[in-house]
Every structure is written in structure tokens, then in C-alpha cells.
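Colleague: Based on the hints, put chain F in the right spot on chain S.
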Amino acid sequence: MRFFDILTLAAQDLWARKLRTFLNLTGIVTGCTMLLLTALGATGSTAVLRGLFESAEEVRKIWIEPQYFYAPEPPQDAITISDLVEADRVERIRSEMIAAWKGEHREEGLDAISPALLAQLSEIPRVDRVIPDVRVDAQLTLDAEAASSTPLFTHIVSTDVHSSVLAAQLLAGDVLDAAPRDEVLVSEWLAYRLGYLSRDDLKRLIGKQVTLRFQAGGRELHWMYQFLTQQYGTLDQGGLAEQIAFASAFQQVLADLDSTSLSSEQKATMRNVTQSLMTSEAESDDTVQVFERSFRIRGVIHTDEAAASPSKMFQTWFGQSSGDVFVHHALASELHTQTSPNADIHNATVVVHSAGDLASVTSAIEKLKLQAFSAEYLWETIHYQIERATSIVYGLAAAVLLTAALGISNTLLISVLQRTPEMGILKSVGARDRDILLLMLAEGTLLGVIGAAVSIGIGWLLSWVGTHFLSLYISSRAGETVTGQLFQFTWWPVLLVCACSIFICVLASTIPAWRAARIDPVIAMRRR
Amino acid sequence: MTPAPLIVADALSKSYGQSGQHVIRALDGVSLSVLTGERVAVVGKSGSGKSTLLNLLAGLDRPTAGSLKIDGRQLDRFTRNEMARYRCQTVGIIFQSFQLLPQRTALQNVELPLMLSGVPSRRRRLQALEWLDRVGLASRAAHLPYALSGGEQQRVAIARALVHHPRLLLADEPTGNLDSVTADQIQSLLLDLCSDGSVTFVLVTHDDHLASRCCNRTVAMGDGKLMEGGHDAIL
Numbered sequence: 001m002r003f004f005d006i007l008t009l010a011a012q013d014l015w016a017r018k019l020r021t022f023l024n025l026t027g028i029v030t031g032c033t034m035l036l037l038t039a040l041g042a043t044g045s046t047a048v049l050r051g052l053f054e055s056a057e058e059v060r061k062i063w064i065e066p067q068y069f070y071a072p073e074p075p076q077d078a079i080t081i082s083d084l085v086e087a088d089r090v091e092r093i094r095s096e097m098i099a100a101w102k103g104e105h106r107e108e109g110l111d112a113i114s115p116a117l118l119a120q121l122s123e124i125p126r127v128d129r130v131i132p133d134v135r136v137d138a139q140l141t142l143d144a145e146a147a148s149s150t151p152l153f154t155h156i157v158s159t160d161v162h163s164s165v166l167a168a169q170l171l172a173g174d175v176l177d178a179a180p181r182d183e184v185l186v187s188e189w190l191a192y193r194l195g196y197l198s199r200d201d202l203k204r205l206i207g208k209q210v211t212l213r214f215q216a217g218g219r220e221l222h223w224m225y226q227f228l229t230q231q232y233g234t235l236d237q238g239g240l241a242e243q244i245a246f247a248s249a250f251q252q253v254l255a256d257l258d259s260t261s262l263s264s265e266q267k268a269t270m271r272n273v274t275q276s277l278m279t280s281e282a283e284s285d286d287t288v289q290v291f292e293r294s295f296r297i298r299g300v301i302h303t304d305e306a307a308a309s310p311s312k313m314f315q316t317w318f319g320q321s322s323g324d325v326f327v328h329h330a331l332a333s334e335l336h337t338q339t340s341p342n343a344d345i346h347n348a349t350v351v352v353h354s355a356g357d358l359a360s361v362t363s364a365i366e367k368l369k370l371q372a373f374s375a376e377y378l379w380e381t382i383h384y385q386i387e388r389a390t391s392i393v394y395g396l397a398a399a400v401l402l403t404a405a406l407g408i409s410n411t412l413l414i415s416v417l418q419r420t421p422e423m424g425i426l427k428s429v430g431a432r433d434r435d436i437l438l439l440m441l442a443e444g445t446l447l448g449v450i451g452a453a454v455s456i457g458i459g460w461l462l463s464w465v466g467t468h469f470l471s472l473y474i475s476s477r478a479g480e481t482v483t484g485q486l487f488q489f490t491w492w493p494v495l496l497v498c499a500c501s502i503f504i505c506v507l508a509s510t511i512p513a514w515r516a517a518r519i520d521p522v523i524a525m526r527r528r
Numbered sequence: 529m530t531p532a533p534l535i536v537a538d539a540l541s542k543s544y545g546q547s548g549q550h551v552i553r554a555l556d557g558v559s560l561s562v563l564t565g566e567r568v569a570v571v572g573k574s575g576s577g578k579s580t581l582l583n584l585l586a587g588l589d590r591p592t593a594g595s596l597k598i599d600g601r602q603l604d605r606f607t608r609n610e611m612a613r614y615r616c617q618t619v620g621i622i623f624q625s626f627q628l629l630p631q632r633t634a635l636q637n638v639e640l641p642l643m644l645s646g647v648p649s650r651r652r653r654l655q656a657l658e659w660l661d662r663v664g665l666a667s668r669a670a671h672l673p674y675a676l677s678g679g680e681q682q683r684v685a686i687a688r689a690l691v692h693h694p695r696l697l698l699a700d701e702p703t704g705n706l707d708s709v710t711a712d713q714i715q716s717l718l719l720d721l722c723s724d725g726s727v728t729f730v731l732v733t734h735d736d737h738l739a740s741r742c743c744n745r746t747v748a749m750g751d752g753k754l755m756e757g758g759h760d761a762i763l
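In order, the protein sequence lines correspond to chains S and F.
Numbered per the numbering used here, the first sequence spans residues 1 to 528.
Numbered per the numbering used here, the second sequence spans residues 529 to 763.
Excised from the complex, chain F in its bound form:
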């Protein structure tokens, strides 16, 4: 039985700038379908629109045209509150630059999505510790981000992205700021965490190796559009 699609993007466009001025079309009529549990890599050069696509999928931004359905719900019509709830409950996001709160410990950073969902403190602490343990950072729970290495910070970010059991995990160049050894560790970790099919994984990267290792499908982007002919033709 074929799983149902979790993401259905139809002619999705995103432009920046007001009409009459210089308008940048970051995304231009992208149609994409991602099945539940699928691991999809979106590859492309810098400025190809892949991060814009990820922002739309994450509910951090809104499309200027087209429609975007996540789990059957029309994301582009969500109110600000519904969008926040979507980010809080359905999505986990891993950023290239980690995006950890500098004044909070690793544990507190991991707890954030649970705190925003209203999970009682004792329960969320246990869950956050469990996830820090899974990413191998239980001993660094009380450390502030500046005291952690880049790889460790990204592990904390991964734990934060997954602690609330999202249905969709989005990663934007997760190894972009890391050295090759650490990047390899992060790749292994992501593969390990996403391979059981419990979470749908969309990875945005220009690293072909990362894409092929972590994902079972790759789509390529260029000039804000999905490219025909597979990723090899693009990269």
C-alpha cells in the first residue's frame, strides 16, 4: 500500500519586493509531492530557491502564489496562530547555523518546543534529557551553546527538532558549518534517527554525498524551479 502524501505543493511561488519595483522570484511555480515517511533531498546551487521552499514548508514564510497542503491541510491559508501551532506540533527544523538561544542551556533549548506546547516541566525535562542522550549529549545538558562545539550545537538542534515527535523534519544545510568529520557524524545521526520511517524528512543541501546518504529521493532546483532530468544533470 502506497503511503499518503504528507506534502503537496502545487505551483508554489514566492516573490520578494513590491510590484513596480525590482521583484525577485525566489520560487517559481514549484510543484512537489512528498509521501509520509519519505526522505527527500532538495539539492541545488546557492540562490536556487531551495531554502525558500524549506521556509514555506516550515511555515516560517507564506507563498505569494500556488497552494501548499501539509497532511491535507491548506498551509497557505493558516492564520498566524495556526501557523505557530503547526510549527510547534507538526514540524521540526534544523538550521545550518543551529539557531540555539544563546542564554539558555542545551537542555533548556531542547525543552523549548515542549514548553511552547504546554508540556509540564518535569515531563518535558525527562523527554529533553532522553533526546540529549540519544544525540550523545546527556553530559552537556547544563552547558550554554557557546561552551559547545559546532557539532555539539547541531546535535542539540537536532534533539530540539525531534523532541516533540514532529511528523515532518526539515533540515537546511545541517552540515554546512561543520568540518568533514563532524559532518559525517551528523549525517550518521540523521540517518539513524530518520531511517525508521516515523518522520518525513526533507533535506535542503548542496552536498550530493549528504543527499544520497540520508535520503531515498532527490529533487533538484535551479532558478526557483524544480529541474527535470534528476540531480546529476544539475550538480
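This is chain S alone, in the form it adopts within the complex:
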């Protein structure tokens, strides 16, 4: 029998038994559509989320600080585990072994980030810019009201003038220029404290001159004060007294160091630190140098970076920035150098070109004995969750397909039993076993092809509806604008569905087909 005739006969049989065909198709279409939507959703949502992630400027930032203690990676022979340890325990033991080795080989790392190190950071491939995190304290006076107002204690912080988020934080005026000038942005809180309350007041503040009064020298307890102000923000006199009392107690502990249970190495380290502090204090001349500098207010901003971020989904990565006066980071570095004993800083932000560069740049930063914190883990978590959810839905789709396969096999088997006399007639007029086998398999294949085609059609429709519905939902609930396709219609899910549908149907037809092929024509015809 010709191949085309087999297909024609199979198609005629399917058409002649419409209800059975419909029921079989229902099962296969349900499973395949689920499978298709899962694949399309997994591909699309991953791409969309990746797009949202990469478009969020915050996630391109890497927060860095010195690695105070550093341990190199252990050599392979140092972490070799005995063969007697079972395979499922090896990784746990290895992890403990690495930690122990690193503890034993710990070296002193960095205690600050020098300008030279900042320059090295800028040279790392795929780094767009490096913003030193500089904080300088000053007393601010609005020139126009200098005579009548009390100077305000303010924190001056360095600002990334290229940040798009900064523009979104703007309430009045304009952002800073790319080149450093004697211009500042002030926070709306500072403006409020200055008596500029309404939006119109904020506009009036633009262009006004402020004088910042800086204090240099007087290094007694300087580092502690600096540390504490970094930790707690503003620190009043009472708070400072408390911390000084704590420092005194600390010094007493140092005096009794020999009676503690610390190791000799730890004792030596503490003495070195103490000595350094004492020397610093001893060398300080306690001479306070005061200098002033005038700036023009260029704009007023709010400090809620998260709210200003275009990416609501990743807005929590960088929280609010604390500060009253925001200056170009180059200017901030200059002020820091003038007010501190050296130009070293403790934190910086590295901005990379794209979120895809986070891993490589983080690795390069860590090689410089710096600690790097980026949003990369956020993406890894999201990706892991998508993959996990996808695999669960794939499992459900597979279960539906398996159920459909059993259903198809069952109905085809019943169909074979019902059609036994017909098989006998076909054999009586010359059909071979192979013809009957192929005929039944062709029915299964056609079911699979039709099932795949219908599934693709329904899947396309549902994915179109799903994309629009979910985009609207995400826009309204999460505030994100989804630009990509949440259900991405690509060729591989379509091929997957075609292959699954046809494979399942052919598989389900195999036993009924084999049974039909072996029917004895005389017995078959007697059943009529």
C-alpha cells in the first residue's frame, strides 16, 4: 500500500470517528499547550527580567570596601580529602577544610582604599566609572541669611553626577555638571531646616550662595569620630561622650591584655593597633585649622534613591543616601584631602557597563584585596527561582502528557477492538500486517500532528493574551514597564511541542497497532 494511501485512510478514519478523535485531541492539546506555555513563559520571562535587571542602573553598581584580612585560595594538595570519606560528605568536609586553611593562612589586608588603588579600579576592563564614597562634615551658612541664622551641621557627600537616578531625585533646579565646579545639590531636608518649605521656596533657593566651614587637624580621637559618624550618621555631644567612655574602657582592656585568653598573635595585633592609635594621638598637635569655601546651590533633591529608580523591581538594592549637601565626587575628594590626614577612603562605588559584567569585575576587584558587594546574587536568586518554577510546571505538563498518552492508548485500543472486523475485511482483500500496523501508527501520527498544530495555535493565542495581561499587571502592581515579550514565541518550544505531541501519540498507538496487525482475518470477520 502506498504511503499517501495509508495517510488518507488514517485521516478518513479519524474523521469518521469524530468524537473519539476529539477526546484524544483534548488530552494531547491540554498537555502540549501547558508544555508550550511553560517553555515560552520560561524563555520570555527570563529575558524580560534580565532586561529589567540590566536596565536598572543600581544593579550595575558594585559597592567596595577594604578586605581587612585576606587569605589566598588554598593549594589543591592542602584540601585533599581521604578516600574513606563517602562521596555525599566530601563537599561539606572540603568546605570546612578550606575555611580552616584560610584561618591559618590569614594575612593582614587593607585598612583603606588609596588614590592609587582607585586608579587601579578604574583600569579594570568593563568598568565605566569609580565613585569614591567621601563624607566630609562642615557647618553651612546661607550667605543671604548669614547674619540672622545659626550655622547648620551638615554632611557633605560625593555624588555620581552621571547617575540617571540623580536626575529623578531632583525637586528644583538642575543636576551637577560632568565637570567639577563650585556648585552643590542640597537635600530637601536641609532646605526645610533652612526654612525653605514649599516647592516654590525650593525654587527660590536655586542660585543662592552657601558657605561651608570645614575643620582640619585636631586628630585626637579623629578616626573614632569618623568611624562613629559613618556608623551612626550625626552624633551629638552626649553620644560622643558615651563612645569616648567606651574607648577608655577598651584601653583598660588593652592594659590587662596579658591576663586574657587571647593567643600571642592576637595580643600582638591588638598592641600594634593600640600603639598606632597612641602614636597618632601623640603626634597630633590638636591644632584645629578652619577654612571656608563658597558654593552655589544648583538644585534640590530628595534622598529616596529607591523611589527615584526607574526599576521598581530592583529598587531595594540601593537604599536611601544619607547626606545634606551633594558635590561632584572629584570636589568631594579634594575636600576630603584638605580635611583628613591622608587621601585614603574606606568605601567606593564601581559602576560597570552592563549587569553582565558584574561577575568578571567583582572577581577582578577581589584580586585587589577588596571586598565587593553587587546585585549579581539577586539575579542568580531570581534566575534560580524561575528555573525552579519552570521545572515544576514542566513536571505538571509532563504528567498531563503522560495521562493523555494513557488515554490515547486506551481509546485507540478500544478502537482497535471495535474495528477488529474491519481489520479482518482489510486483510481479506490483501492488506499485510505491515499495512495495518502503518495505518494505526499513521492515525497516531496524525493525531500528534493535529494536536501539535492546535496546541501551537492555542499556545500562541494564550501567550499573546498572557503577555498583554501580565505586562499590564506588572505595570500596575510593580510599576515596571515591560518592553519584551513575557511569552517569547521562539522556534525551540514549537519544535519541542511538535516532537512531544507526535512522540506521545505514536508511542500510545504502538501497542494497539501491533495488536491490530496480528489479527487473524477469519477470527476478525467473525466478530462482526
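It is worth saying that the hints were derived from the structure and are not from the lab.
Even for Gly, the Cβ is constructed at its ideal location relative to N, Cα and C.
Heads up, a few of these hints could be off.
Partial list, derived from the structure: chain F residues whose beta carbon lies under 7 Å from chain S [stated by the list, open to error]:
1) 588
2) 615
3) 616
Modeller: Chain F only, in chain S's frame:
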């Protein structure tokens, strides 16, 4: 010149049931020779074994003993595929209950043997239409079997049995399910189609009138054996 025998059955037996259990010997040592172009009627009562003999001749069943040669070929040694090819190319079978495929039209039913032989669709359609025309059913070609009368269904079955020009036409009680008028029409049709000697005709029936009208030789069967003394002694 005497034509060569088309069918040579030698001590043909067919039993049903496994040894040790109750075994039914449906056919018991039947020896029969049918010449090419001959029209032979096998008559006998119900259960005499005539339908079993026809099934063996049609290649629908295999003998349990003896040998069966069709056109010089040992039919009982055929593989399943060879048997199918034999049914497809050499034999045409007419059943008492027509055995038409219910989901296919008269034309499609007639086309079946040609389709199974791999004849291209256009050619087989023309041939099938020609045969439907010969049996007087050209106008009913598109009808499904349920829409046809018993006589019409049997005509379709006759057309299907002959459309591929078989060398051997086998009929098993072809008028058994028909009223007398229709049966007479079918008899006339069979006689008309088989009288030119192009096809060897073996008719299984218990209808003496049909046997004598359509065939030029009659053999009688009883208890699975060919009976001596002609059919009159049997019927």
C-alpha cells in the same frame, strides 16, 4: 486441450482446538482439483466444512494437514506476507454478509484491493467506477453501505472481488442474506461475469438452484469430507 488445474488440494484437513482438548475436525482429508476457468459449486449442509474449505482456498486460514497448491504454488507454505499478496492479487472473495467497510463509500470499498496493490488513485478510481457500472451501481458510488440495500451491497462486494481481475473468485453463500428476487439478480450477475472462463469460480452454497445455475460442476461435502455419489445423494 484440457486446461491446467488451478487448485489442487490433497488430503486437506483443518482442525480447531488444541490436542488433548475437544478437537473439531472441520475438514478431513479433502482432495479436490479445479481446472482453470472451471465453475465449481461446493454444496453441503451447514457445518459440513465447505466454508472452511473456502477459507483455506482464499488464504484466510491455513490447513492443519495436507497440501494446497494454487496455480502450482504451495499455498500452505506461504508466509503471512505472501499470503496477503496472494489474497490481494490472485483471489476475489464474496461473502454472505458482504463484509463492506461501513465508513467508506461504495467506490472506496471497490477501490480497496487496488489500493492495497499500490495502483495510483486516478487509475483505481476509473477501474472501480467501471466495475460499479458493470454491476449497475455507478449512480450509488458515493453512498455508504448503510444507505444501500442488501442486493446493492452484495453487488458492491462482487465489484470489489473482481476489480483487480483475480484468477480465482470465491463466493460463500452470496445470496444467503437476500430475498429471492434479489438473489436471482445476483445469480444472473455472477453468471454473466464468470461465464467467459476468464476467472475460475468456486461457489460455496447450500442452494442447489444457485449451484446448478452458476456452475458447471458440483461437489458435495458432509462432515468435513467430500461425498461420493454426486450432490443429489447429499441434498
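Colleague: Hint by hint, say whether it matches the structure.
Modeller: Okay, the hints, checked on the actual structure:
no. : hint : verdict
1   : 588  : holds, 5 Å
2   : 615  : holds, 5 Å
3   : 616  : holds, 2 Å
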